[in-house]
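Residue strings, one per chain:
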Amino acid sequence: MFKQKLLIGLALAVSLVFAGTAYAQTLKIGLKSEPSSMDPHYHNLTPNNMMALYVFDRLILQDSKQNLKPGLAVSWKNVDDLTWEFKLRSGVKWHDGSDFTADDVAFTIGRAPNVPNSPSSLGRYIKQVTGVEVVDALTIRMKTAKPFPLMPTYMSTFGIISKKTGSGATTADYNSGKAMNGTGPFKSVEWVPGDRIVYKRNENYWGNKPEWSDIIVKPLSNNSSRVAALLAGDVDMIDFVPTADIETLKKNDKVSISQTVSNRVIYLHIDTARDKSPFVTDINGKPMDKNPLKDLRVRKAISKAINRKGIVEKVMEGVAIPAGQLLPDGFFAISPNLKVEPYDPEGAKALLKEAGWGDGFGLTIQGPNNRYVNDAKIVQAIAQMLTRIGIKTKVDTMPKNVFFPRGSKLEFSLMLVGWGAGSGEPSSPLGSLLHTYDKSKGFGSSNRGRFSNAELDAALEEALATVDRKKHGDLLIKATEIGINNLGIIPLHFQVNTWATRKGLKYDARTDEQTLAVGVKTAN
Amino acid sequence: MTVGVEIIKEETLLRRFISDFAQSKIAVAGLCTIVVIILIAIFAPLLSSQNPYDLGQLDIMDGRLPPGEVGGAGFTFWLGSDDQGRDMLSGIFYGLRTSLGVGAMSAFIALFIGSSFGLLAAYFGGRVDSIIMRIVDIQLSFPAVLVALVLLAILGKGVDKIIIALVAVQWAYYARTVRGTALVERSKEYMEAARCLALNHKRIVFRHLLPNCMPPLIVVVTVQVAHAISLEATLSFLGIGLPVTEPSLGLLIANGFEYMLSGKYWISFFPGIALLVTIVSINLVGDQLRDVMNPRLQK
Amino acid sequence: MQSGLVLLVMSLLVFVGVFAIGNPVDILINPDADQAEIERAIKALGLDKPMWEQYWIFLVNALQGDLGRSFVFNIPALQLIWQRMPATLELAAFAMFLAIFMGLPLGMIAGLKPGSWIGRTIMTGSILGFSLPTFWVGLMMILLFAVYLGWLPASGRGETVDLFGVPVSFLTLNGLSHLLLPAINLALFKLSLTIRLARAGTREAMLMDYVKFAKAKGLSNARVILVHVFKNIMIPVVTVLGLELGNVIAFSVVTETIFAWPGMGKLIIDSINVLDRPVIVAYLLMTVTMFIVINLVVDVIYSLLDPRVRLGDLKS
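Chains as they are written, first to last, in this note's numbering: chain A, 813 to 1336; chain B, 419 to 717; chain C, 4 to 319.
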């Protein structure tokens, strides 16, 4: 009986294997993280936003370097200081065959910030829109209460859904595939949580048609398993190649590597506000009533004590770029004046002495151990370096689920964190990390060191209300320089992200860390 | 029976025990290895060229050196170094210390607590039994990894904390095993005889019931010491447990794990071998002990 | 009744435990979010209420069979677990199958011929089996069988076929090839345990009077071993493996992570990582319930195998 079943099974399997060979244009992708839903507006987090891009286009798209490019909108402009006008692409069809119009955009603006039970909504990008006016089928205007220069950037953060399909649709309808009606390059086939997401090509796509007729995305969260799956041929491509394996993979002639610097800066956040900081002790480990970290000279000493090049070479195995500010070169509003702090342990000791801490003090550095590339190792390396200039440093690393809640409760004195600027410009880290914590204005929500500088606040707030692009950029640069020169945070390095594909494929590596099937091409 | 007679009797028993144990050469070899390992663990600071737990002595510029290379501090990394520039040989010496300590401490505390409850339950039966076994059920129904995960998330990191977590997941196991065996023993003739003689509870439990429960218990203890060390490694692998700056063998393996595919085998391989040798020796000795101590296998 | 109490106590413990770790919103939310958005999210997930009130709401709903919705997926937690359960159960069952059907004969051989080379080889193998941490063995197996030899796939579940409406993979060759490595990985520890228990039992049984008697009676060796010895070793094996089944399911956390097996072990570790409390609580409640059932079954089998243990003793 069992034997018979097994035979049937075998026959079935064999036929499946042969059927499988017919799909030569299938691309299998192994990803580190899996989305929590297929609903493009349910959970504002990179894996969700990224997978939504397969099916749902945005008004404005970001190219691989996060420059804005036309998406469902072909052009946009300020009609006046308080009004943005978007001209929409004509002839675009939804996957179900109906026409894309401005009504769909208006519907999306209404729905996206208000998904029930959303653990993190898109409201942040939409709340400045005080009114939507559908001028004609292909023109839409958005009103704001204040001048809002970031409008196009924010409009590039969420997918447009169909009014027809989306009316009354719940998150569950997106998960089941019922409401997965987009205009994007791929149509949704199925989602088996934890196992796979399957797409097929949208043959009527308005843009460049992707090379792949079928896409299978598999979540492979363990680093080594992900690499092993690529080497074993289970998948054609993986993201977040662990730094330890890059050298070997480069030598492997079955594999190609694609790399680019990311918009993610890894930095130290410092308790600059309190007189008594929880993890600052005297040199013998006894609690202290003074917080040396409030002294700019001490912070400067810490920055000088860090051998960024050493960390990049040895801990990151060359796959990172030493950082001197919030975003790497090539992004918008980069300060030409800020340089990477050179490694200078003697200068650091001298500064400590000058500040009255020549005998050193005790400190604990906290960091996550499963969030950023090699996070726990970087924390240890920094502790080594600080110990060498006389700051006796202990290390405490923990999983991100413990780390972030504790960090937000201000339980730490010195911590390693990372920040990816999803918008591709510095207002995002400036507003969240360095602006004074201000609940009413919505600034400083991730300012876990509670750095505060009135000049920076003013420059940033002015920038956010300046529509003129040049002036807007200059103000951002000014704010960045104030923040970095006062060491509100100590930047360490920018992550370089690595994708590996089987030989013969090439990926247009993205600074926003996303893996999009449209960017995968056969190399000639 | 006088006191003197008892002492003589115990001495001969011990001698017989030793000669029985020595019958297996491989077990003796295992015992010798354990002794050596314990000595290494105790004298680790004297044997190591570096204190791998002192961050001030490490230099990342010495990171990932292959075995035999000389680092910046001037001494040779005989087994190479890990990503932090930690000498693997020193790391293994110190790691042995931590792993053995954690494994043995947690297993014995758990053994003590668990078997006490198990015996109580089996011997008294009735309400005592059902209450204790309900608690055991609750405990066992939490999967070990999960209890440890949640416990450690709340407690934080440290050797003491991981011992608490390991005891918490292991004691019920002993309780259940002891109770199972003791239930069988309880219905045997010698127990009924003991009860008929109206011996007191303490005497029956400790002189009659417990010794007869020993053989399966020893099997479980050997398995559990090994299991404790391995569980500790797994917890380290999942990112909780011991602080990264004071690695046990398990943590050393976990740290080197990501370098396996890239050919930097020494970071994970040598601690793996040390762990393997340790556990195999413990188990060899445990096996032989069980055979020797089992009254039913005596010829 | 007692089981109900167990579930109640446990749900409370887990509730408090997860509450103590921290606020899930800190992890779930986009770092870009401002304070207003954080407060909205906390409110949307019902986390703004005091803990006892949250627990009370949970209890009231739980009594109606609703264990809450996942914070992350916005799907009822039970449904989420049901989706993932078949994969884990299949993996666990297959692993136990391997452990028992390979472990018993190997252990008996080792017990019958304790001094021989084959006995020793088996015992050495069993020692190796539980000496190495599961995650390490898992990776070594991937390295060897998937990367170097290329015989078996490294991860995932492969093709599934519906059997009575439940997707299973052991009926297709592709599915079976995906199942093999993780199942062996998961089985290794239990296999070693079975071997040891079977060997210990066999050795003891061979010296028992009733076995000696049976032999003296002239019964064939095979019959003695299969009937009398086998019965004797089944007692510890059944107890321990009964207990271990729960552990196998839990330990699949590690195996599923390494082999990207889409089961509930992976779900629980992901849920712990983001403090998705409804899923954690529901998962633990389900496991406990399963465990209580397993224990009952073990006790019954136990009394069937060894009439000396009366059922009355166990259930008082």
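Just so you know, these hints were derived from the structure itself, not from any lab.
Mixed in with the good hints there might be a few duds.
[Claimed, not checked] In silico lysine to aspartate or glutamate, EDC-like type, Cα no more than 20 Å apart, as pairs:
| id | chain 1 | residue 1 | chain 2 | residue 2 |
| --- | --- | --- | --- | --- |
| 1 | A | 1318 | A | 1002 |
| 2 | B | 606 | C | 207 |
| 3 | A | 1251 | C | 42 |
| 4 | A | 990 | A | 1002 |
| 5 | A | 939 | C | 42 |
| 6 | A | 955 | A | 1002 |
| 7 | A | 1206 | B | 578 |
For each hint, the structure was consulted:
The suggested pairing of residue 1318 of chain A with residue 1002 of chain A is violated, with an alpha-carbon distance near 26 Å, which exceeds 20 Å. For the hint pairing residue 606 of chain B with residue 207 of chain C, the CA-to-CA distance comes to about 16 Å; that is within 20 Å, so the pair holds. For the hint linking residue 1251 of chain A to residue 42 of chain C, the alpha-carbon distance of about 10 Å falls within 20 Å, and the restraint holds. For the proposed pair residue 990 of chain A and residue 1002 of chain A, the alpha carbon gap of about 10 Å is at most 20 Å, so the pair holds.
As the CA atoms of residue 939 of chain A and residue 42 of chain C are separated by approximately 15 Å, the hinted pair is consistent with the 20 Å bound. The hinted pair formed by residue 955 of chain A and residue 1002 of chain A fails the criterion: a straight-line CA distance of about 38 Å is larger than 20 Å. With a CA separation close to 18 Å, the supplied pair residue 1206 of chain A and residue 578 of chain B stays within the 20 Å bound.
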